[in-house]
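Q: Sequences listed follow chains A and B, in order.
Each residue of the first sequence is one higher than the one before, counting from 0 in numbering that gives the first Met the number 0.
Each residue of the second sequence is one higher than the one before, counting from 0 in numbering that gives the first Met the number 0.
A couple of the hints might just be wrong.
Rough simulated footprint, nothing fancy, chain A against chain B, three-plus residues with beta-carbon under 8 Å [said to hold, decoys possible]:
no.	region
1	117-129
2	160-166
3	223-233
Anything over 12 Å on all C-beta distances counts as not near chain A; from chain B, calculated [what the hints assert, rightly or not]:
no.	residue
4	42
5	198
6	210
7	317
8	353
9	354
10	382
11	426
12	437
13	440
14	443
15	458
16	466
Quick caveat, the hints were computed from the structure, so don't treat them as lab data.
Glycine included, C-beta positions come from ideal geometry on N, C-alpha and C.
The chain contents come next:
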Amino acid sequence: MTSPMIPVSSSDAASMAWIVRNLWLIPILPMVASGLIALLPQPRRKPAATLAIGALLISFLLAVTAFAHVLMNWSSGGPTREMVSFDWLTFGSATLQMGWVLDPLAAIMLVMVTFVGSLIFIYSTGYMSHDENFTRFFCFLALFAGGMLGVLIANSLLLLFMCWEIVGLTSYLLIGFWYHKPSAAAAAKKAFLTTRVGDIFFLLGMVWLFAQTGTLLFYNHGAGAIEPTALATLLGHHAAWGLSAAGAIGLLIFAGAAGKSGQLPLHVWLPDAMEGPTPVSALIHAATMVAAGVYLVARVYPLMSAGAGPGTTTASLTVVAWVGAATALFGALVAVAQFDIKRILAYSTVSQLGYMMVGLATGGVAVGIFHLITHAFFKALLFLGAGSVIHGCHEEQDIRRMGGLRAQMPITFAAYTVGMLALSGFPIFFSGFWSKDAIVGAAHHWPVSQGPFWMLLLGALLTAFYMMRQVGYVFLGSWRGHGHAHESPAVMTIPLLVLAFFAIALGVLGTPAWPWFTAFLDGHSLVFDLAGFREPGLVPMMLLASTLVFVALGVGWRLYVAQANRADTDPDVLQRVSPRVFGWLESRLYFDELYQATILRAYALLAAFAAWLDRQFWGGIVASISSGFRALGRCNRSMDSQWIDGGFDKGCEELTTAGGVLAWLQAGRAPSYLRTLTIGLLILLAVILMAASITGQVKL
Amino acid sequence: MSTYGNLLAILWPESILEIASLAILVVDLGFMRRASSAARMSVASTLGSFGALTALLWLLMHAGSMTVMGGALVTNASVVAAQVGILILTALVLLLGVSARFTRNPGEYVALVLLATTGMLLVAASRDLLIIFVALELLSLSLYVLSAFSKHSAASSEAALKYYLFGGMSAAFMLFGFSYLYGITGTTRLTAIAASLASASLTPITLVALVLVAVGLGFKVAAVPFHIWAPDTYLGAPTPVAALIASGSKVASFAVLIAVTAALAPAWGWTETLLWMAGTSIVLGNLAALVQSSVRRILAYSAIAHAGYMLLGIAAHTLASDQAVLLYALTYALTTVGAFAVVAIVERDAGSDRLDAFAGLSARSPLLAATLMVFLLSLAGIPPLVGFWVKFQMFASVLRSPLAASWGIGMVILAIAGSAVSLYYYLQVLKRAWVAPAAVSSRLAIQPRELLLLLLIAITVILLGIFPGWLLQWIPMVG
Chain A
0 MTSPMIPVSS SDAASMAWIV RNLWLIPILP MVASGLIALL PQPRRKPAAT LAIGALLISF
60 LLAVTAFAHV LMNWSSGGPT REMVSFDWLT FGSATLQMGW VLDPLAAIML VMVTFVGSLI
120 FIYSTGYMSH DENFTRFFCF LALFAGGMLG VLIANSLLLL FMCWEIVGLT SYLLIGFWYH
180 KPSAAAAAKK AFLTTRVGDI FFLLGMVWLF AQTGTLLFYN HGAGAIEPTA LATLLGHHAA
240 WGLSAAGAIG LLIFAGAAGK SGQLPLHVWL PDAMEGPTPV SALIHAATMV AAGVYLVARV
300 YPLMSAGAGP GTTTASLTVV AWVGAATALF GALVAVAQFD IKRILAYSTV SQLGYMMVGL
360 ATGGVAVGIF HLITHAFFKA LLFLGAGSVI HGCHEEQDIR RMGGLRAQMP ITFAAYTVGM
420 LALSGFPIFF SGFWSKDAIV GAAHHWPVSQ GPFWMLLLGA LLTAFYMMRQ VGYVFLGSWR
480 GHGHAHESPA VMTIPLLVLA FFAIALGVLG TPAWPWFTAF LDGHSLVFDL AGFREPGLVP
540 MMLLASTLVF VALGVGWRLY VAQANRADTD PDVLQRVSPR VFGWLESRLY FDELYQATIL
600 RAYALLAAFA AWLDRQFWGG IVASISSGFR ALGRCNRSMD SQWIDGGFDK GCEELTTAGG
660 VLAWLQAGRA PSYLRTLTIG LLILLAVILM AASITGQVKL
Chain B
0 MSTYGNLLAI LWPESILEIA SLAILVVDLG FMRRASSAAR MSVASTLGSF GALTALLWLL
60 MHAGSMTVMG GALVTNASVV AAQVGILILT ALVLLLGVSA RFTRNPGEYV ALVLLATTGM
120 LLVAASRDLL IIFVALELLS LSLYVLSAFS KHSAASSEAA LKYYLFGGMS AAFMLFGFSY
180 LYGITGTTRL TAIAASLASA SLTPITLVAL VLVAVGLGFK VAAVPFHIWA PDTYLGAPTP
240 VAALIASGSK VASFAVLIAV TAALAPAWGW TETLLWMAGT SIVLGNLAAL VQSSVRRILA
300 YSAIAHAGYM LLGIAAHTLA SDQAVLLYAL TYALTTVGAF AVVAIVERDA GSDRLDAFAG
360 LSARSPLLAA TLMVFLLSLA GIPPLVGFWV KFQMFASVLR SPLAASWGIG MVILAIAGSA
420 VSLYYYLQVL KRAWVAPAAV SSRLAIQPRE LLLLLLIAIT VILLGIFPGW LLQWIPMVG
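So that you can see chain B by itself, here it is in the shape it has in the complex (with noise of 0.2 Å):
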């Protein structure tokens, strides 16, 4: 087959996401003009969450390994399961915003949406400098949009001009450090980036290009210092793209981080400064999530949290860590759309998102209540739900780890100090959840669908704790 022929076949699941985008345009803007707004948006995300569907039934029926352009772009088994699990998320997070009614404009919010997974469909799949920073590029700028597209809410445009100013700043560090890293070992390509750096000295310019690099990847995933954004985006951001922004967006982020992690670590100073800034992460996230009043805010701590836990396995950077980390990527950001998802529908109903809107939450919706529970114990990594499991699978990689050697054990007990601290802000929404009185006693409105959904994703996450050995058959080893 010719290049393109291969760039064509390695890039299908993008091209059905790009094509499914533009239908729904056409379908929403031709024919659903006169529809209702919730017609439309039905109509629209049925069609979006198609063709995420579609999409992973051609990843999964054309499994494989390949490589184009040079190993710019790649797909194997460990790429496979990142997009698979991202192209799942999307899929969810479409069909629980079906009710959401924070637009006008259906059709552009889930186009949008699809060229935001397409963008994180090409960031796990690239290897190389260039299509890195242009893949980040086109996920962060419709995110961007997303985040300001509740546009009769200030706080969502506050949201989208921080997260952009931010975004934007990062990304030029970002590409500032690329550059400095192509004078340094003159390639874009990660494996040539890898080879040249484990024979070349160390200078402190390599150190200047691997914290720069360290901003824009650091911003992604929202690890301290590079994390401010989080908290406002994800109070502002309509609800189902902070959902995205916090789950898709941070499995293409980590996966990609493991692959440039690949690259980089050779050179002394990346694993440094990924310790440094898992560390921060962990005991600054934890720590702020404790005096939050705002759900949204709480769950974006823990997320700057979940980030440290997770840039310490990517440190660790054996191949069981590797795996371990994409495992908890994936888990972690089911049960963050989960979790978002219970807090769209109180916030629906009580207009806030503060801790006492789910006061008796378990009196008025005992269902919700108890996916609630399932999604924010497992979250705070308790056993048998599936938080608990990779966890522990991340930790124990991390100490099996050279790692384990110099900074390992350290790290590890402080994050499992930092979880420990977790569990506190978790439990103080499910005591409100689940003791205190309800300030309402009428039941909460919630559609058949998406208490459908959720009970789906909360077995998942109490069977794949209970049956660990399924994902892992589905993951391999990353290699």
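Bound conformation, chain A alone (with noise of 0.2 Å):
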């Protein structure tokens, strides 16, 4: 502190404010409560939902006034990033530091995830309500709220990392929670599988920056990793292929990204992972988890983009953006062709992650991150309300039996629109239009290529087209489907008229005469003046997104609702059309098939090579050894005999003593010992935590 005028952050922490010091808690309490919900029995539905449901409204309280915090500094021009950071782990001379770090970005996304998060717990007690494991599923769901909130706060790669793969195996867990059904043990699998691509990339990632720079953390006063010292050390030291480490570290890291977030060709999980049940997709799939990794790119972008000048920009934002175009185009394509109420919801998911791709690497952070916060609300919404409709329809997910769903579900119908329209991008009254508006305008002022721009117009035009298709399908029309619909409980469409609510108004944030998202972000001062939408080619440019949409609505309009189909076995229309390219859109554009084909081929001839080895070579080895032995123990077979007497015996009557008693500790005793040793564990640790708060040895 040489100098009182320049406002610093400080890691000081009796200056700091209680919530920066405290911020850990956030993720800290939805952990608690997994780890006490865990300990419940299993019929103890209540006191399960209300712990982890008030663990994360509390969480959201605590987001709300680190927000307000954030937002106070902001206004009165003070410093708005904070950070708190420790000494975690001394090997020689190196030391991994560890903390957290309140700024605009995670202030936003604490907000965003626990409230969305809260909605999606309490819509959840609706819908799985009928769930033998219900206790089960709140437990995994608050573990992944706090391994989220954890992301979002960590200030250290390491940490993220941490939090990252709980998140991962929270996925893991929920999308698996029907295990009984292959389907949903095998999307499990491969989503595991998928994303540990990316995570090993994202691991040598961090472990090269760790070796290039000596730190993990973010931000440190200037000796962060992320900050200009260390970034001017990795863009002089050249990796291959003319990529500076800054670049080759920066694409690592992408790679893990992209296997969270789904995007090309890591994609092929997150479609699958709709075997999980309808809120894990809302919370999980839709609204946060596949987000990390777009904000992940958002959090180390001073990485991405150093070295970018005035009209340039780097090679890794360079492959973000183009990957990102690809997979915005390539999922609403696939989703184009798609049955499933839910698989035509995953990949509208994918391709609009691809947009929140492309607008970081085009836009910067603000632009990417506005998208990705309207996404999480109105595809949130739009979960839900699937989930509303496949609750409705006794487990139905196929949209060919349903229709006309207008009629017997009237709020979720009005709520699901408004979803279908932010999404689609309407004009003017959705928050969908302003953030994805803003990353189209971005892609087009790119210096690089205009590739991107055009991608993704065309993926505009397709995602209102699918919407409308998916719409026409499911609530006008007529009745397809068996049985007799029915709208769902207050529990349920409370949560989805709230999201459908914020679907709208969260626009306000974003409009170019009022960027409050960016400069709030960005960290500069805000005005509301309307010259915004004098920058020039902003108004066409919207102009021609909106023909787009309303295009792209009206045809959609005119091919599902004035020519409806009238029973769930008539073709789609644009199967009448051209069958072969419906076929290669149904069938995902046969990346599963040439996965299949290439990787999972190679994996089983290497697996049968190494089959072929052991058992010709390394068992001929073995079996020389073993016949060698067997001469020796020819000669010891007098005594062999005599040793082995009655062994056969014994083993048998001790594997009956072990089955009655397996059987007597299937009946619930030895888990409650195991139970109570946990509880006996905690109750110390709280009592000892809180005489040493009480007594003032540790401050908590």
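Relying on the hints, combine the two individually framed chains into one complex.
A: See below:
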């Protein structure tokens, strides 16, 4: 603190606001709740749900406090980034530090995740009310929330990675929640393994970064890994193929982000992940976890953009932009030809994540994250709406066997329409319009190529089209299903309405006249100025985008509402036009088959080779040794038979005894012993921590 | 001498035990296959106790101070005292178990007992987190297997499984705590940890580490709330094994607990954790023992209470209190071995260890009833038996420690109240033995060797109570 004139954010704990010092409470609360739920016996549904929802609501309040704190600092012109770090591990002369950071990016994400999460938790109590593993579900859900919030506040790539893995684990557990369904178990495995591919690159990037800079902290008063000093070192160090170390590490980290966020070519797991319960699809595979990859890119943005001047960009951002654009277009194309209500939304998520990546790469953090936030709300809305439809139609997911639900499910229909218009980018009134338009505009000004821009425009056209198709199939036309559909209970519809409100209202934060979002994230001041619209090319762009939306909606209406199918066996309109192209799209452009034919087959060959080696080569050695021993053994046979005498009988008896004991253990007493051990440990820990804080030994 | 030479020198007793256990396996499986089960058991047990006594002799002849592996393993007067005690206890357990008929594999049983003893010796001598963990695991794994050794008894398997599940989980927690300690201090040596904790400021993570370490050690000494395994294991395990768990294993665990306390006490929180465990153990152990009808379970709950008293002494953490704890652990273990032997004899006759099985013991075998009285009264802390003297010594050392200024007095009062309560359930057993009429009038079948050993233990308990100076001479101040 040499000069009192410069506002510095200090790591000195005493001078720091309470919320910054205790930011760790936000992720810890859901994690503790998860641990406590794990200790609850299975039938205790109410305490489990109360614990999970209560913990997340408290986290939400804390997140709002943190947000208000940053907002106040911002409006008073103070520093908007504060962090707390501590030494975690010392080995040799190197030290690994961990810590958390509170800045506009983290604050806004914290509020979004805790808010959407709370709504989805509440919705889940209705959706999962008949499931016998209700407590387990909330245990996983709370653990997920803890991990996700940990990702958001981490100021260390390592801490972020740890929480990232927790999130990946819970995603696996929740996709496979109905593990007795083989498809769910397979989907969980696929998700875990596919994201693992990305994570290995991420880990490599992390180790490389540590080797180069000696720290994994993002920000550390100038000594962090993505602050100018370290970036200069990284830029000066050349890796292979003309890349600087910064570019190479950025690409490795992006590979991790691509795995998590379902970017090409690692997107294959995300649509399959819809095997999980619908609230999980809404929370994890639409609103939050899949956005973690986007968030990661935003977090290490200084690293990604290191070396870019005005009018130029970096190698890593170029890759991000192209991958994002390809994903956006691919997802939208495939979504057109799907029949599963959740799969359509899943491909739409893949596509929208691509938009976010392009937004980050071409327009900067604020552009990408704005779409992330608005998307989180309207996609959660759409998924929960889909859940409500599935619930109302007795677990039916095929849109061909729905139709005309507008009458039976009016609230769901209204909310869903809002979500659909927001996702389509319907002009002016819906948040999706403003956030998507910002991305398309940024892509237009991208100095490298106009390719992504055109791909995004085509994607936008398709987005409006497939959403119109879905709404036409599900809510309009005539009922083609079996049985009778009904509206969902209030505990499910009220979260829908809340989300619908935000799907509309969030748009005001990012209009060109009042770009609050950009100003807040970038930390500069904000004025209301209609001149924002007068930026060259902006209004024509908006008109072009709006026209595309109207055209797509109109065509969709014409094809799927005006000439709606009468029976569930009728082929799709597009199928009649071109069965072959439709077939390609319906089979998701054969990505799974491609992986099956290449990577998996290569792997199977490798395994077969290893097995052959094992059997023929090593086995031969073992066989020759063993025959030598067998000869030896024959000499000792008389002795052996004496020794082994009775051994088999005894083994059988012991097995019988052990079986009886195991049956007894299964009656639940041994688990309750272990539960007592854990509860004893927790109580002792609580007592000691409380005593320590009361006597002032440690500050909690 | 080279490092390895030193290592070998310090590990001679352990090596002797290992060699003895292998020799027993060879003799039993190689030459005694055709012999009767009883003969095999007596040969194996005799060889085993011979091995333990050889190791003991070596220890006594080579007593001295030594440190190897940079302080990971030490030997000094207090370590030797604990090791000598452990070896005596093992020999006693083996000799008293000669006529036990729970297994058809006596060689393996005795070999495992010796391996467990090896673990105990190592536990007592280790001063490094890793060695402590490995030694404790060697001890625990041997004891898990031994608990299950009565293969035809479902109770034995149940006891072993519970012991194993509980022990495995506590060991995992403790290892987790060790890893935190390593993370905080950057070392696994106890001395270096003490220095590092004394200079570092306290953080919540340190407290977490301390409590996690307390789980593992609390499990070994059966302190509340990590005690639940004890009643079931004491009840279900074969009697000699239960005696081993209650005696040698306890001595080793308390010895290492003293060493760990020296390392962790500089951090605020360790003493407090110990005190909480001590207080709850004293209260819960004594109260739960009141309602038991099985003598083994009474001994188990009283073991929990005794662990509470000893934890109190450990928490005081002065030279005098450490010495008192070691004395307490050794004499308590000796008395418990005796008590278990009496239970085994009664059980063999009546087929049950319930209180009623003890009815009229004084008429059926006056000498046995007399030794039982000596053991139980010593456990209750009645003068002039050694149990009184060590209890007095320990409470006095707690009151003289700095702890007396804060928690000490209250805890000592609690402990004395607990001992008073404990008299009730010990007397419940003695009432059956001396007052209640016998259901069966036949004389109890006791082998002369057993009676001789029991009398020897009882006389030791009495003599040490009258001449405590002998013990003090033998166990110098812990330094």
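Q: Go through the numbered hints given earlier and state which of them the structure violates, listing their numbers in rising order.
A: 1 and 6
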